[in-house]
Every structure is written in structure tokens, then in C-alpha cells.
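Residues per chain, in single letters:
Number of protein chains: 2
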Amino acid sequence: MMGVQTKMNDIVYLVIVIGISLAALLGALFLMGSIGKVKVEDEKMREIAGIIREGSMAYLFRQYKVLAVFIVVMFIVLCFTPGLGVQGAICFITGALLSALAGFIGMRAATKANVRTAAEASRGQQPALRVAFSGGAIMGLCVVAFGILGIAAFYVIFKDIFAVITGFGLGASSIALFCRVGGGIYTKAADVGADLVGKVEAGIPEDDPRNPGVIADNVGDNVGDVAGMGSDLFESYVGAIISALLLGVVGFAEKGVFFTLLMVAAGLLASLIGVVIVRALKVKKPQTAFDVGTYLSVALEIIATLALSLYFFDGALWPFWTVVIGLAVGVLVGKITEIYTSDGYRPVKRVAEASKTGPATNILQGFSLGLKSTAIVILLLAASIIGSFMLGGAFGVALAAVGMLSTVALTISVDTYGPIADNAGGIAEMSGQPESIREITDTLDSAGNTTAAIGKGFSICSAALTALSLFMTYAQTVGITVIDVLTPKVLAGVLIGGMLPFLFSALTIEAVSKSANRMIEEIRRQFREIPGILEGKGKPDYKRCIDISTSAAIRQMILPGVIAIVAPILVGVLLGAEALGGLLVGSLVTGVLMAIMMANSGGAWDNTKKHIEASAGGKGSEEHKAAVIGDTVGDPFKDTAGPSLNILIKLMSIVAVVFAPLFLR
Amino acid sequence: MMGVQTKMNDIVYLVIVIGISLAALLGALFLMGSIGKVKVEDEKMREIAGIIREGSMAYLFRQYKVLAVFIVVMFIVLCFTPGLGVQGAICFITGALLSALAGFIGMRAATKANVRTAAEASRGQQPALRVAFSGGAIMGLCVVAFGILGIAAFYVIFKDIFAVITGFGLGASSIALFCRVGGGIYTKAADVGADLVGKVEAGIPEDDPRNPGVIADNVGDNVGDVAGMGSDLFESYVGAIISALLLGVVGFAEKGVFFTLLMVAAGLLASLIGVVIVRALKVKKPQTAFDVGTYLSVALEIIATLALSLYFFDGALWPFWTVVIGLAVGVLVGKITEIYTSDGYRPVKRVAEASKTGPATNILQGFSLGLKSTAIVILLLAASIIGSFMLGGAFGVALAAVGMLSTVALTISVDTYGPIADNAGGIAEMSGQPESIREITDTLDSAGNTTAAIGKGFSICSAALTALSLFMTYAQTVGITVIDVLTPKVLAGVLIGGMLPFLFSALTIEAVSKSANRMIEEIRRQFREIPGILEGKGKPDYKRCIDISTSAAIRQMILPGVIAIVAPILVGVLLGAEALGGLLVGSLVTGVLMAIMMANSGGAWDNTKKHIEASAGGKGSEEHKAAVIGDTVGDPFKDTAGPSLNILIKLMSIVAVVFAPLFLR
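Taken in order, these protein sequences are the chains called A and B.
For what it's worth, this note's numbering labels the leading residue of the first sequence as 1, then goes sequentially.
For what it's worth, this note's numbering labels the leading residue of the second sequence as 1, then goes sequentially.
The following block holds chain A by itself, in its conformation from the complex:
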């Protein structure tokens, strides 16, 4: 009788979880429809938006073609991997496809919303904001719903929790890495290239239609900041849930599983409510709407978690507190990131001050700002690890990670809003809209910059906690209870692991500077060879620039991706399971540190430039020139290497978990 009761309960739980996910998807569908209703009258606008959409899709398809080969190879490998087999391999493919699908839908929505945001700007800021945010919310809701549905569905079908979720996670992670790296290279090659020749050499403004690289730059925002970021957070989310399930099922059986699933479902529901609120609010500053929505959904999620904790754990509150720790650290790190990267605070002002003595001092000051910003974030992380572990052991750490990500649907919505607003501004500029429209898109865009910086700090912290709980999952899977850094092999593992984020960053930064160089040469060639191009009479060859970014990104995403998968396997096989554990710890430490440093230095340089533009110095001044150089250095830091490191550390941990049986002696 008791068993039947439990069984019944399980079904009810699953129905709730799946129901909420489907509701979120319906919400996304509704938003898609509401965006579609906006008409774009301006012919020129439509043309430009068409090229951007076409370029974005062309990139995505070429990327997916390359990834298809990778997926097939991995599928075959996984079929023969002990502990995973065909069923794990199927989950792998599903994870990979859902990750790609989330990116695809997000990008379709974004490329539909960008031009409509520009069009709605003629009716005022509020309608424009609503379209841009709705575009972002479509991806936010889809990413999270896919994640929950995928895990829940496989759990029902296969029941074998290990194969299901590790396979699924590996699929999501590996696609995420390629998308993040490829998208990051694409967007920054275009950005750096277009800026250096356009702004610095030819002296024409940003987003000027005479610049042949300008559309590639806008495409880049979509493939990098939309599709890349979507896959990134999809995999953080999936990774965190996976490790919570694996660690929870060991200690608490189905109780651990359903607490986790219902908690994330509640977070999705809270985010959905947040999305409705943000859309409905009428405010002057977009940031206010985002803040209200975010704090509201966090509050709802806290209440829901409290209830779930009391219900599932017989009145015990520790699961609740671990989730609160995760949420609190997420919010705090967001605030710290803002302090270090927004020009309302001292750090960025000091970089602006240093710009007066030239680019070298600008770069030194910005670089040391990033280095310094790691201190407090790391102390917070360390405290949250100790706190959540003392509360709930390894499962507690995993719950903190899941807690931090529980309202991620809203975070993604706000994050994706940024590049959509940015694109809208580009389209308005390129299609020659009046000043008033451009002002509105600028306001929307600048709100997007702050949210982007905060989003980065958040995704680093969630990546750190997720990687950490995956690391503990790995130890449990491989059956080691001690990873002793006093043994030489573990030490060697820590050193090698610590080095990988350095190597990985070198490869991605170099890829950007290589591709940017090719872009620069092409733009210079067009300026030279196309008659009348700088007078606005000759038509620039946009597609050629798009092609350069596309092929460069796809070619150069492969090596870093392969290293991420092969390195842990190699160390595990050659030096053993403990050494691989050392590698994971080493890469976690330097990966997190480098990611924080790069995100904050990059963000600070960016805002220093904007600060100088808006203040005394102004555009064209010596200090502005110095700040432009700093910003260019920061571009691949914050948008290519930095965010890719998040995925690197998670992917290596998942690879370790999946291939664990290989490393046992």
C-alpha cells in the first residue's frame, strides 16, 4: 500500500514538473506570436534585418553540420562505453539536439525581435522594450523547459539514472562548448575587425552602413551572445541538475530526485511570472523592470523551496538553506560584478583616469582591476562551498548550484534582451532612422550592457558550483574517497589541469586575433577597391565579411573543443583516476579565476570607453583613443575566452564522469 502510494505520488510530481515545463513552452509560443504581430513597414530596415537573419542562420547551419559529424562519432564511441551503452548514447544525442535546438529557437526569436524592436521604437520606449524582452524570454523559457523535460522524460523512460543523465549532460555540454567558442570567435573577429578599420582608421561611426564588416558584427551578436550564451546556460542548468540528482539519489533515493525536480520546476514557474511582470511594468528605466522581475521571482522561488523542503524532508530546513546560499551568492556576485564594471563606481573611474596617460596605463589599470576582482568572489565561493557542504554534504553543494540556477529562465531572458537591443540599434542606424528612434534604441542598449556584465558574473559562479558538484559526482562514480594532493600524480594532475584554461584561453584569443586580422584586410580591400564606398555610393560586400567570420569561427572552434574532451581522458588513462581528480580541481581553480578576471577587465574596459564618450574627454580625444584600444583588448577576454572557460571546466568534469569506468585500475 505504501509502495503504491509512493508510486502515485511520483506520478503526480512528474506531472507537475512536466506540466510547468509545457506551460513555459506555451508561454514562449505566445510570445513568438505576439512578436510576429508587429509589422515592419520600413523597406530598408527589412532588407538589413534580412541579411542579418540570413547570415546568422547560415552560420548556425554550417556549425551544426560540423557538429553532426562530431555527434555521430561520439554516439558510436558512447555505445561501446561501459556504464553508458546505447541508452546513454541516445540520451547524449538528445542532449546535443536539445542544446542546438535551444540555440536555434533563441536565434530565430532574436533575429525576429531585433528589427521589430527598431520598428516599435517609433511608437515609444515601452513597446520597443516589450518586443526586445519578449524575444529574449522566448529563449529563456525554451532553454529551461527543454532542460527539465529532457531529464524528466528520460527518467520516466529509462529509469537508469546514471546513463540517462550523464549521457544527456555530455551532449548538452559538448555542443555548448563548440557553440560558445565558435560564436565567441565569430562575434569578436567581426567586432574587432569592423572597429579597427571603421572607427579607428576610416573614422566612421559604429554601425555605419558604409562599413563592410558591420553586418557581420550584428550577426555576431546573435551567434555569440544569443545562441552561444543559450547553450552555455542550458548546459550549466542541466549539469547542475544532473549532479544534484546523482548525489541526491545516493543519499535520499527518490526524495532527493523529486525535491530537486520540483524545486527547479517551481523556479521555472517563478521565472514565468517574472516574465509577465517585466512585460507589464511601465517604467522609465528598463533596468528597474528587470530588477523588480528578478527579485520577485527569487522571492517566489525561496518560498516554494521552503515549502518543498518542509514537505520532502520532514520539516528539515537544510535543503532550503543550501538553495538560499546559492541564490544569495548569485545575487551578491552580480552586485560585485556591477561595482567592478559599471562606470558609476570607483574602479572604472580609475581606469578612465589612467587612460589619460595613454593605452598602456589604461590596459595595466584594467587588467589589475580584473585580477583584483577575483578576491571577493573567490571568498564568497569558498564560504558557500563550506556552508552548503556542512549543511548537506556533496548533495548540499549541488543544491546550491541548482538553487543559483533555479530562476535562470529569467536571467537568460534579460541577458538575451541585450544583444537584441544592440541589434535594434544597429538596424536603426544602418537604415537611417531619425535621431529620436536611435535615442530609444540607445537607452535600451545601454541597459543591456549592465545586464550582460552581471549575467557573466552569475554564469561564472554557477559554472564553478556546477563543476564542483560534478567533480564530487565523479569521485563518487569512480569510487575514490580521497584525492590527496601530497601524492605526486595528483599534484601533476592539478598542475596540468591548472594549465588547461591558460592554453585554452591562448587558443581562443589567438583565434580572434587571427580572424580579426583577416577581417581587417578584407575591409581595407573593400575600402580600397569598391569605388565610392566611403561616400555612401558604392555598396559594400557584406556577405564576404560574414563568410570570413563564419569559416574562421568554425575552423578554429575545433582544436579547443577537442582538447577539452581529450585532455581529461588522457590524464585519466595515463596517470589514473586520482590524477584526473587533481586535473579537475586545478582546472576549476584557474578556470574560475581567469573567467572572472577576463569578464571584469573586459566589462570595465568597455564601460571606460563609454564613460569617456559621455564625459569630459569625449570621442576623438587622446584618452578616448586609449580607451578604444583597451576595449578592443577586452573584447575577446569578455566575449570569447572568458565565457568559454565556464563550459570548459564543466565539460571536463562531465567527460570525467561519463568515462569514469575507463580510469579504474
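Treat the hints as calculated values from the structure; they're not laboratory data.
Hints may contain errors.
No copy labels: a pair is met if it fits in one copy or bridges any two.
What the hints assert, rightly or not - Each computed EDC-like pair below joins lysine to aspartate or glutamate, with the alpha-carbon atoms no more than 16 Å apart:
| no. | residue 1 | residue 2 |
| --- | --- | --- |
| 1 | Lys-356 | Glu-521 |
| 2 | Lys-356 | Glu-201 |
| 3 | Lys-284 | Asp-445 |
| 4 | Lys-159 | Glu-254 |
| 5 | Lys-625 | Asp-208 |
| 6 | Lys-619 | Glu-206 |
| 7 | Lys-284 | Asp-442 |
| 8 | Lys-543 | Glu-521 |
| 9 | Lys-610 | Glu-353 |
| 10 | Lys-44 | Asp-445 |
| 11 | Lys-543 | Glu-439 |
| 12 | Lys-625 | Glu-206 |
| 13 | Lys-543 | Glu-54 |
| 14 | Lys-255 | Asp-442 |
Keep in mind it's a predicted model, so treat the numbers as computed, not measured.
Here the structure of chain A is known, so what remains is to put chain B in place on it, guided by the hints.
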């Protein structure tokens, strides 16, 4: 009877060790005399050299005054530290004084040799080279002889090996840190400031006497590259020997002690022979003489170690092989550093290529070069750790570290030669010597640049191995046999430890950019206010610039130094002995990685600039301007933050060893 025999042997060993050290000191005395015999006729030369010497000494005395306070406070603290007591505290003071003395003697020799090198250049390259190298050799021989004598003498007097050598090591380390950080800030504040206003703004050449910051720059070479580097390697040397003795005495009693002492004494003798050879060789390129001398002393040391290994370990060869591993890794890392930083190879050429598209791409390419260069060095380190540990356990790792440093007297001689030649060039330029003399000093100077880069790679590796064996010593002292990264407190320790080198680099880089800014303002003021200064009629106020560098360096060396001492104690007391172990591992990993990155990026930027000057682009071209900016960014990387990290990781390990009793529960 056997006991008496052993006793007799011990005395013989000690006599040999002390005898060789005294011979080396006599050698240094002889060199001092030989330099003194060189007469400087040129009045202007003497005047300039006088200001440099005065400025250097003034800095050193002000630095020592501040350190005296620190030493007294620490002395009192140590008297009451369990396990150390008054006797350990006396050793602490001796270590501190010897470290300071080594820096002082080195600086006196260097400021005597610089002007005499310039004077001898009128008689040809060979005599000039001999004076410059002799100046360097004085410090090389003193540093090593002081290290051996100090350890050996205390061993005879006190017999309590723990208190003796940890106290001695702590003294050497803490002084080294302050000297490295202070010297690094001094030299780069002056260098960056003088360059940015002089070369970039006023368009006057380097070392031009019209530039008020130019003498501070030359003083900086002495306080940073001579005194700072001397203290750094003194403490590496002492630290490595300490951990070898502590680990050796446990496993092998007096056998371990005397093998280590005789092995380093043999290395000193081999270096002494190397010094004689370098002075005697008549070659076209100075580098050839250095290479012959270095390889010869390494070969001699290998033979001596083979004999000692056979003698002390009854025919066993493993101690020999660990020393060979250390020597081999040292030589290989030197070669790798050369490949990444010399313009004869592809990496620097690619940075030069990237300079064509401006400073941003120059910096991105140089930065990724540094990141990438960590890969192979780390793999070598990892291999050497595993190898030496498998051969001889923790003692094996310590022996590898000592082996790497065994011929360090010659390494220091060659390294110190660099800034002396650099100074000689400055003095020749400022005193208006003819072109022919300037050419000779330029040749000597450029040889010094390559040796400086190689020396940096070497000191990082030796610091890593030394820190590692100190880490193992710590575990042994505190009595923990397992440091398990699966426990949350150790993990937190690893994260915090990993963060410290980031924070530390931020503070030192910021210190440079802050002080450079003050220097820039002062130089601009003088250009503005002193009439006729740029026409060479008005006399610049050199002393004011020297003062700015001095007080900035001394004020800003304190915080980083205090962090290095306080952070490990705090973590040990709050989170326990295992967490402190985690901290040491974390700081070791990121400290080594950042140090390699900074040294190689900095070296590459420097040589990119020189490469462009010597090739197509030339001075004044756009790519040269870009390269100058890269070089300026690299200055605090390679000469302030990077080298200080070496000491940071060693000092924190020594602090952990010394205060071990505090962390036991």
C-alpha cells in the same frame, strides 16, 4: 669507534663545505679588487655614475630602515613561537641580514662596475665584458657562499635542525619578498614614466640626459634587477636546501644532510671555475662565453654529484638522477623561454606581425603567447615531479630543486651582468661618449636581455620545485599524511590560495601604474617649468624623480608583503592545517602559471619592440608605436608582478612550516 669515525667524517665534510664557501668569498674579494683597479677618467661619466650610486644606496638604506622595524617585530613574535624560540629567532635575523647583505654587496659591485664597463669600452669589447661580468660574479659568489655558510654554521652551533633552518629561511624569504616587490615597483615606475613622457611625448631617445627620469630608471636597474634578483635567488637557494635537509634528515639522517651540503658546495666550486672560464675566454659574442661557462659548470656538477651519490648512498644512483632531473629541467625551461621570447623564433615574429594592425592586436597576440607558453613548462614540471618523487619520494623532489639551483652562482653572475651592461650603456649615452663606445655597450646590453629572459624562466621553475618541497616539508612538520581535495575546507583553501597570486599581481601592477603616473606628472612638470631643459641648457632635477620612485616603492611594498605572511596564518588558524595545505597547492599552481605567463609575455613584447626597431618598420613607424605600448604593458608583468610571485609562493610555504604548531588541533 664507529661513532668517532662518523664524527670525524662529519667534521671533514663541514670543513670542505665551509672551505669552498670561503674560497668563493675570496674570489669575490679578488674580483672587487680587479674592478677597483679600472680608472674612470671622464669627469661627466663619474658625475652621472655618482648620482646613480648615490640614488641606489639611498633607496637601499631607506628600504632597510623600514625592514628593520619588520625584523624587530618578527624577532619578538618568533621568540614566542613554539618550536622556534630564541634560537630560531636568532637564525631568522641572520637569514634576514645575510639576504640584505647579499643585495647590498651586489649593488655596490654593480654600481662600481657599470661606470667602469663604460670606461673600459674605449679599450674594446673584451675588457668591458670582463668588468661587467666580474661585477655580476661578485654577487653570484656572495649570495651562494652566504647561503651555504649560514646554514652550515648554524648547523654546527645549534644542531637543532628545524629551528635553525626554518628561522633562517623565513628571514631570507621575507626580506627577499620586500626587496623584490619594492625593487620591482621602483624600477618599473621609473622606466614606464621616463619612457612615456620622454620617448613617446617629447620624442627624445632612451637614456637621454635631458629626461629628468632617466637616472631614476638607471637606479631602478640596480635596485630591481640586481638587489631584488639577488635576494630572490638567495632565498630560492636557501629554501631548496632547507627542505632537502628537513626531508633528508628524516629518511637518511646525517647522510642526507651531508650529501646535500657537499652537493651544493660542489656546485659552488663548479660555478667558481665557470666564472674563471667566462672571464678568460676571448669570444666575439658574449653569449658564447656564458654558454661555455654554464655548460662546463653543469657538467662538473653532474660528475661531482655522481661521485657523491655513489659515496654516500652505497652505490645507489637515485640521488644522482634526481639532481640530473633538476638540472635538465632547468636547462630545458631556459631553452623554451628563449624560443618564446627571442626574436629569432616564430612566436615573437608573430607578435611583430600583429603590431601592424595596432596596439590592441599586439597586446592580444603577446598575451596569448604568454598563456600558451605555460603548457610545455607545466608538462615538464609535472614530469619532473613524478620522476623525482618516484626515485626518492619527497626528498627526491627537494633534491631536484637543489640540483636545479646547484650552479646558481654562475646563473646569478650572468643575470647581474645584464643590468650592469644596461647601466653602462646609459652612462655612456648620458655622458655623451662617441658612437664606437656606445656600440660596444649596446652589444653587451643585448646579450644581457636574452640572459635575463632565460634567467626568469629558470627562477620560476626553481621556485616551483622549492615551494613544492617546502609544501611537503610543511605536511611532514604538521604531521598530516593526507590533504584531500574532496573535503570542502581543503577545496576552499585551494580556491583562496589560487586567488592570492591574482590579488598580489593586481596590487603590484597597480602600484607600478600609480607610481608611474606620479613620475609622469613630475617629468611633465619639469619639461614645462625648467627653462631650456629640452634644448639641453636647463638642468633636470634628477633627484626629485629618484625620490618619487623611492617613496612610492617603499610605501607600496608593504601591503603585498603583509598579505603574503598573514594570509597563510589566517587560513591555517581559521580553517585548519589541511586547508592551509590546500592554500599552498592553489597558490603554487596559479603562482607558477601567472609567473610564466607574465615573464614570457613581457619578454616577448620587449623583444618585439627591438625586433621592429632593427627591421623593416623601424623606430617611429606605426607598428613600432604599437610595440612600445605592448612593451610598457609588459614592463610590470616581467619585472614586478611576475618575479614577485616566485617569492610569494615560497614565502607562504615557509610561513606555513614555521608556524606549523599553531595549526594543529
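So, going through the hints one by one against the coordinates:
1. For the homomeric pair Lys-356 and Glu-521, the shortest alpha-carbon distance between copies (11 Å) is at most 16 Å, but the shortest distance inside one copy (30 Å) is not.
2. Taking CA atoms no more than 16 Å apart as the test, Lys-356 paired with Glu-201 passes between copies only; the shortest distance there is 13 Å, against 21 Å inside one copy.
3. In this assembly of identical chains, Lys-284 and Asp-445 lie within 16 Å of each other by CA distance solely inside one copy; the values are 14 Å within and 63 Å between copies.
4. Proximity of Lys-159 and Glu-254 under a CA criterion of 16 Å is satisfied intra-copy only: 11 Å inside one chain copy versus 63 Å between copies.
5. In this homomeric assembly, Lys-625 and Asp-208 never come within 16 Å of each other (Cα to Cα): the closest approach is 19 Å inside a single copy and 28 Å across copies.
6. Taking identical chains as interchangeable, the C-alpha atoms of Lys-619 and Glu-206 lie at most 16 Å apart only when both belong to the same chain, with a minimum of 12 Å there against 32 Å between chains.
7. Within a single copy, Lys-284 and Asp-442 get their C-alpha atoms as close as 14 Å, which meets the 16 Å cut-off; across copies the closest is 65 Å, which misses it.
8. For the identical chains of this complex, Lys-543 and Glu-521 are intra-copy neighbours only, at 15 Å inside a copy versus 49 Å across copies, given an alpha-carbon limit of 16 Å.
9. In the homo-oligomer, the alpha carbons of Lys-610 and Glu-353 lie at most 16 Å apart inside one protomer (13 Å), although the nearest pairing across protomers, at 30 Å, exceeds that limit.
10. Proximity of Lys-44 to Asp-445 under the C-alpha cut-off of 16 Å is found in neither arrangement, the shortest distances being 21 Å within a copy and 62 Å between copies.
11. For the identical chains of this complex, Lys-543 and Glu-439 are neighbours neither inside a copy (28 Å) nor across copies (54 Å), given an alpha-carbon limit of 16 Å.
12. For the identical chains of this complex, Lys-625 and Glu-206 are intra-copy neighbours only, at 14 Å inside a copy versus 25 Å across copies, given an alpha-carbon limit of 16 Å.
13. Within a single copy, Lys-543 and Glu-54 get their C-alpha atoms as close as 10 Å, which meets the 16 Å cut-off; across copies the closest is 65 Å, which misses it.
14. Proximity of Lys-255 to Asp-442 under the C-alpha cut-off of 16 Å is found in neither arrangement, the shortest distances being 49 Å within a copy and 76 Å between copies.
Hints 5, 10, 11, 14 from the earlier list are contradicted by this structure; the remaining hints agree with it.
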